[in-house]
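Undergrad: Residue numbers (the UniProt record's numbering), protein chains in the order written: chain A, 1 to 412; chain B, 1 to 412.
Think of the hints as simulated: they come from the structure by calculation, not from any bench.
Just to be clear, a hint being listed does not mean it is correct.
Any copy will do: because identical chains look the same in the list, a pair fits if it lies in one copy or spans two.
Listed next, the in silico DMTMM-like pairs over lysine to aspartate or glutamate satisfying Cα-Cα at most 20 angstroms (straight line) [claimed, not checked]: (1) K357 to D344; (2) K266 to E141; (3) K173 to D247; (4) K266 to D247; (5) K345 to E65.
There are 2 protein chains.
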Amino acid sequence: MSASVSPLAPTDVPDMPAIAGVKLATAAAGIRYKGRTDVLLAVMDKGTAVAGVFTKSKCPSAPVEWCRAKLGRGARALVVNSGNANAFTGKTGRQATALTASIAAKAVGCSANEVFLASTGVIGEPLDATKFDGVLATLAETAAPDEWMAAATAIMTTDTFPKVATATVKLGKTKVTINGMAKGAGMIAPDMATMLSFVFTDAPLSSAVLQSLLKSGVEDTFNAITIDSDTSTSDTLLAFATGAAADDGAPKISRASDPRLKAFAKAFQDVLANLAEQVARDGEGARKLVEVIVEGATTKNSARKIAMSIANSPLVKTAIAGEDANWGRVVMAVGKAGEPANRDKLSISFNGIRVAKSGARDPSYNEAEVSEVMKNPKIQIKVALGLGKGRDRVLTCDLTKEYVAINGDYRS
Amino acid sequence: MSASVSPLAPTDVPDMPAIAGVKLATAAAGIRYKGRTDVLLAVMDKGTAVAGVFTKSKCPSAPVEWCRAKLGRGARALVVNSGNANAFTGKTGRQATALTASIAAKAVGCSANEVFLASTGVIGEPLDATKFDGVLATLAETAAPDEWMAAATAIMTTDTFPKVATATVKLGKTKVTINGMAKGAGMIAPDMATMLSFVFTDAPLSSAVLQSLLKSGVEDTFNAITIDSDTSTSDTLLAFATGAAADDGAPKISRASDPRLKAFAKAFQDVLANLAEQVARDGEGARKLVEVIVEGATTKNSARKIAMSIANSPLVKTAIAGEDANWGRVVMAVGKAGEPANRDKLSISFNGIRVAKSGARDPSYNEAEVSEVMKNPKIQIKVALGLGKGRDRVLTCDLTKEYVAINGDYRS
Chain A
1 MSASVSPLAP TDVPDMPAIA GVKLATAAAG IRYKGRTDVL LAVMDKGTAV AGVFTKSKCP
61 SAPVEWCRAK LGRGARALVV NSGNANAFTG KTGRQATALT ASIAAKAVGC SANEVFLAST
121 GVIGEPLDAT KFDGVLATLA ETAAPDEWMA AATAIMTTDT FPKVATATVK LGKTKVTING
181 MAKGAGMIAP DMATMLSFVF TDAPLSSAVL QSLLKSGVED TFNAITIDSD TSTSDTLLAF
241 ATGAAADDGA PKISRASDPR LKAFAKAFQD VLANLAEQVA RDGEGARKLV EVIVEGATTK
301 NSARKIAMSI ANSPLVKTAI AGEDANWGRV VMAVGKAGEP ANRDKLSISF NGIRVAKSGA
361 RDPSYNEAEV SEVMKNPKIQ IKVALGLGKG RDRVLTCDLT KEYVAINGDY RS
Chain B
1 MSASVSPLAP TDVPDMPAIA GVKLATAAAG IRYKGRTDVL LAVMDKGTAV AGVFTKSKCP
61 SAPVEWCRAK LGRGARALVV NSGNANAFTG KTGRQATALT ASIAAKAVGC SANEVFLAST
121 GVIGEPLDAT KFDGVLATLA ETAAPDEWMA AATAIMTTDT FPKVATATVK LGKTKVTING
181 MAKGAGMIAP DMATMLSFVF TDAPLSSAVL QSLLKSGVED TFNAITIDSD TSTSDTLLAF
241 ATGAAADDGA PKISRASDPR LKAFAKAFQD VLANLAEQVA RDGEGARKLV EVIVEGATTK
301 NSARKIAMSI ANSPLVKTAI AGEDANWGRV VMAVGKAGEP ANRDKLSISF NGIRVAKSGA
361 RDPSYNEAEV SEVMKNPKIQ IKVALGLGKG RDRVLTCDLT KEYVAINGDY RS
């Protein structure tokens, strides 16, 4: 695992406020790692609504299957462990989720059906859930409202920094809070961008409203990032709404079309976008944050496919790592996407400097000027197709030797 | 560019026989490289049939467009240059192909429509075709039947060894010969597996027969390899049949269904398979040749998609580089392929040792034993899905720090 923090880590980490109705605690259960926390328990008040979106892998992890089956009811607890993904663990995996939920339910004083689970780490190794015995009971007793950074740290695997985001917004006339956390940092590709993320709010939203917010919110955030084109078996984004702000007068929202939801929906999406960008900023071995913008495509969907083709191209990503504005490789990635594109209408720019237009090198293109901007830690690749009004944006990072080092020496 | 030869290079390089009706010559035209040959001229006798398959990129190179337009007639000359792909070069690119063909036609004494072109190297830089002036005339004069290794060397870019293959087979009662060459070594993914390859035979085949042999021949050879999932703008596979063996009594074949073609078709496919494997063996930075076999899929096409998902996964490829039998990542890649798969029926083996069965770790799996076989330079990953009879096989290589080094410092 990489010891040094990504140079792309945000410099302004927010103070995370409490969310009424949510308490957190972390511990070192010894799942896999030594000398660090690896289990998070979040305890929610009665009446907490829950929603979730998950990996589209055909081989999902046991916790993903567990959560899918439990959606639609309320949530009282969330247990997250790092170090072991409890994926491809067969019957043992299902037993481990049931046992974990049972231990958590007893510790919190709720039904196992109100316990949500997420696991991240190595695939294919049995998860010894008996390690949670005792640990979760202690965590339930010590859980506190202000443990957000500790929580975000406990769920890390190869992440080099904890990822949190917060927003406050008015719902009706009442101030409500949204807190989120996420972990990356490899095996990141839609859909659903692979990682774990948990968002909490005190807003009184129904599960259906929360699910609707999640579904529309991920489209241009977590589903618009990719690290390495690999889709995890464990991708999980859960949102919890305790409804505690109703005590302060916040209106209960039970329809996604409720106009009072508008500002909240925007703030919610901003939190998702913030976390998703942090995941891209902490891609394994990342030294550059890469924003790919495709415009002039026939449709937004077509623009997304082309942007993803560029963002997933090893040759584009290694060129960025080498600070080389190799727009020829961008052309290659446009060409292989299989979407409508006319070579002779294509324009490409790096960080605002156009290097190619009308299917050939831009005559005014100055290599030295471009070389200079390629040193920036953030690189924007903009491709104008000149065909229509379809536009999209995805985030990724460069592909460095460190990525190979991290992933060639992860399990052993 | 990597200086040392891939450890996966074949140890037994064949002596390449002459092909009646084909002469070759190479030169250093100074396209881009210093101190090495970078242009190949092949001169074919009158009456030579030609067939070709090309990249499916929506942004193909100028030579690809040239060749596509010239198919269906005969061929008298092939000009290949390395160092510059003449791709995304706009009108200048089209002018460069026309000029090159015109210079070659004059040198050889044929029509420009009988000249085939291929370029490989950097994308987006104008190709100065005037550099061929004089050079091609000299090459046409000095062309000789035995320059196969020199030819295969002149077309290399980041390849670490020249790739040739040969076969002799009876057509009717006459011995005919098939010679092929190819270059890789990055931006290799179907369809059409990205590279340049040229195959020559003295068999008297019509263009239609040759095209049919190519089309069916590439499916499980060049279209079944991937280095990095990136599809070149320049992929070109051309086949030439001089027909000279007709003088020795070989029958003229004008229908692909002709039963006399059977042994030839097999030998032809073997040459393609041999060259394709050499391309995988010389993938940029490759230290392991990886054979992915998927069986028990619902269809062959489904097996191909799953095999490609595994072969293109950076996490699987880095694990192989790290000599880690990380079957969890293989599960991930199966899951992300989007094809029918039942986690609980999946079995996975590395070099014959089964590590997972029925959706979980194989109880008899011995880590030390598997670690030992992972040191082999050739790794076979076999996935049994247990659903149907669909089977497929693809070749790839591992993903190493050297790949990143080669591609992070290619253009500059």
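Undergrad: Could you run down the list of hints and mark each one as holding or not?
TA: Hint check:
no. : hint         : result
1   : K357 to D344 : within (8 angstroms within a copy, 51 angstroms between copies)
2   : K266 to E141 : neither (35 angstroms within a copy, 73 angstroms between copies)
3   : K173 to D247 : within (12 angstroms within a copy, 95 angstroms between copies)
4   : K266 to D247 : neither (23 angstroms within a copy, 79 angstroms between copies)
5   : K345 to E65  : between (46 angstroms within a copy, 17 angstroms between copies)
Hints 2 and 4 from the list above are not met by this structure, while the remaining hints are.
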